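J.: The task is simple: from the sequences and hints, build the whole structure.
Spelled out, the chains give:
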Amino acid sequence: MGQQQPKQPDAPRVNPAPVGPGLFASMLVFLGESVLLAARAIGFLVRGRLHLRNTLVQMAAIGVDSLPIVLACCLSTGAVYAFYTSDIFVRFGATQFVGGTLTLSFLLELGPVLAGVNVASRSGAAIAAEIGSMVVTEQVDALRAMAVSPIRYLVTPRLVACVVMMPLVCVFADLAGVLGCYLMAGTHGVAGQVFIESARTFASAQDLLKGMIKTVVFGLLIATVACQQGLRTKGGATGVGRSTTNSVVICVVLIFVTDFFLAQILAGAAVTVK
Amino acid sequence: MTNAIVVRNLVYAVPEKRILQDINLEVAQGEILAIMGKSGSGKTTLLKCLAGLIKPASGQILLFDQDIVPLPESEMDEVRLKIGLVFQYAALFDSLSVYDNVSFGVVNHRRLTHREVDRIVAERLSDVGMPETENLFPSQLSGGMQKRVGLARALAMEPSVLLYDEPTSGLDPVIAHSIDDLIIETRGRLGMTSVIVSHDIASIFRIADRIAMVDEGGIIASGTPEEIRASTIPKVREFVTQE
Chain A
1 MGQQQPKQPD APRVNPAPVG PGLFASMLVF LGESVLLAAR AIGFLVRGRL
51 HLRNTLVQMA AIGVDSLPIV LACCLSTGAV YAFYTSDIFV RFGATQFVGG
101 TLTLSFLLEL GPVLAGVNVA SRSGAAIAAE IGSMVVTEQV DALRAMAVSP
151 IRYLVTPRLV ACVVMMPLVC VFADLAGVLG CYLMAGTHGV AGQVFIESAR
201 TFASAQDLLK GMIKTVVFGL LIATVACQQG LRTKGGATGV GRSTTNSVVI
251 CVVLIFVTDF FLAQILAGAA VTVK
Chain B
1 MTNAIVVRNL VYAVPEKRIL QDINLEVAQG EILAIMGKSG SGKTTLLKCL
51 AGLIKPASGQ ILLFDQDIVP LPESEMDEVR LKIGLVFQYA ALFDSLSVYD
101 NVSFGVVNHR RLTHREVDRI VAERLSDVGM PETENLFPSQ LSGGMQKRVG
151 LARALAMEPS VLLYDEPTSG LDPVIAHSID DLIIETRGRL GMTSVIVSHD
201 IASIFRIADR IAMVDEGGII ASGTPEEIRA STIPKVREFV TQE
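From first to last, the protein sequence lines are chains A and B.
To convert, note that position 52 of the first sequence is 52 in our numbering; the numbers rise steadily by one, no gaps.
To convert, note that position 224 of the second sequence is 224 in our numbering; the numbers rise steadily by one, no gaps.
Any given hint could turn out to be false.
So, partial list: chain B residues that the calculated Cβ filter (under 7 Å) puts toward chain A [what the hints assert, rightly or not]:
| id | residue |
| --- | --- |
| 1 | Ala57 |
| 2 | Leu85 |
| 3 | Phe87 |
| 4 | Phe93 |
| 5 | Gly105 |
| 6 | Ser126 |
| 7 | Met130 |
Since the hints were derived computationally from the structure, they do not count as laboratory data.
Bear in mind the structure is a predicted one, so any value in this text is a computation, not a measurement.
Positions of the beta carbon are idealized from the N, C-alpha and C atoms, including for glycine.
T.: This is the structure in structure tokens:
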């Protein structure tokens, strides 16, 4: 019979991170809550019970306030993208493709995704933090106690604002990005006229539209996830911090994953149209 | 006298434990019932059950003879219009001014002219001793002032039942006394039924028609202030002798 190991003193108990079935269950809960929340928020919209004042305030917060960050981010990303790409094109004598390639990339991919990530980081985080704070300070309970639905008052306006403003933010993201590309390509020997001609040849209004369609979906995702995370906040300041972080992380991951599928769907739609 | 609130065999539980067990309670129309008990005894949970903010595991809550426990959220809203809730930490909407906070309920549920809303807000703020503070924001108010605005917000809807969660905690004795007077005066003027959750023994004995003591999720004593004062139950005596 082996000697019994001396009993170790109790280690501090830490709640294990959810893995396996626990993680799967939390993902299902998240999915169920998010779908239900979005459906109920859209339900209020369909029944014409939109809180107009809140919606306008949110449109300003989500659209206008996000704009400086989106512009700065897209302008610099466009410039960096052109910095690396133009050299290669120029080296192989393909300057007539620079404008088209960069513009198309921005309209279809970089503009929508960067706009989405920026709005998720700025406005999505703000939504989750604001609603989370309202939950922990009982303001959401106060709404319910006064027979005002928190979904109608808080979620629907944010959802509408995100869905409406995201495509507009995307247009500005595209403009800033392409401007960054144009300026940087110019310093690498791509003439402005050649850049514009190339962009006109390869990119079309349909490409801009595809990018905008993507951002409508991103807007829906950002608002739903941020509101869901905010509304399920528990605890005090720590809980609000956790909800805010989760909101940003989930939104960013979902934007990239959804972008992959949207790219396939929109490409498929384009082929069908042709 | 008919009952405004009847609670039968109420149980509220979370996965780890039972917060409320087998609560039975009756509150007559126009009566002021005070619920006292230690922190964590389940007083606020009981109040939130009465307000329909949380659903009990079992039991009945009859509000004017209507059982609110099985009601879905959409139908609960009708019931909530009859209930006012004053939160322990006021729960004012921090993005809205005092005016918007106090008028929130009436603007959302009644079709009134601007002038009527202005009048209601001015009257309710005056009632709680905070006239001409309409343009301030909650962050500009002290805790006690926020609490009084919270009370004005609840009163603005002129509910049939008013639920108070610690209405005088954190207030100085003068303001606390004025809030007590306001609760009594509101009952006299509007005939409101009031349920007050409080630690403030002096305030409870000053305003309550009846008192119930909650301990470890159950009601261990109830009666008139005199009966509670004369109670021989050790936990009640221990609590009451702090007065």
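J.: Output the indices of the hints that this structure fails to meet, ascending.
T.: 1, 6 and 7
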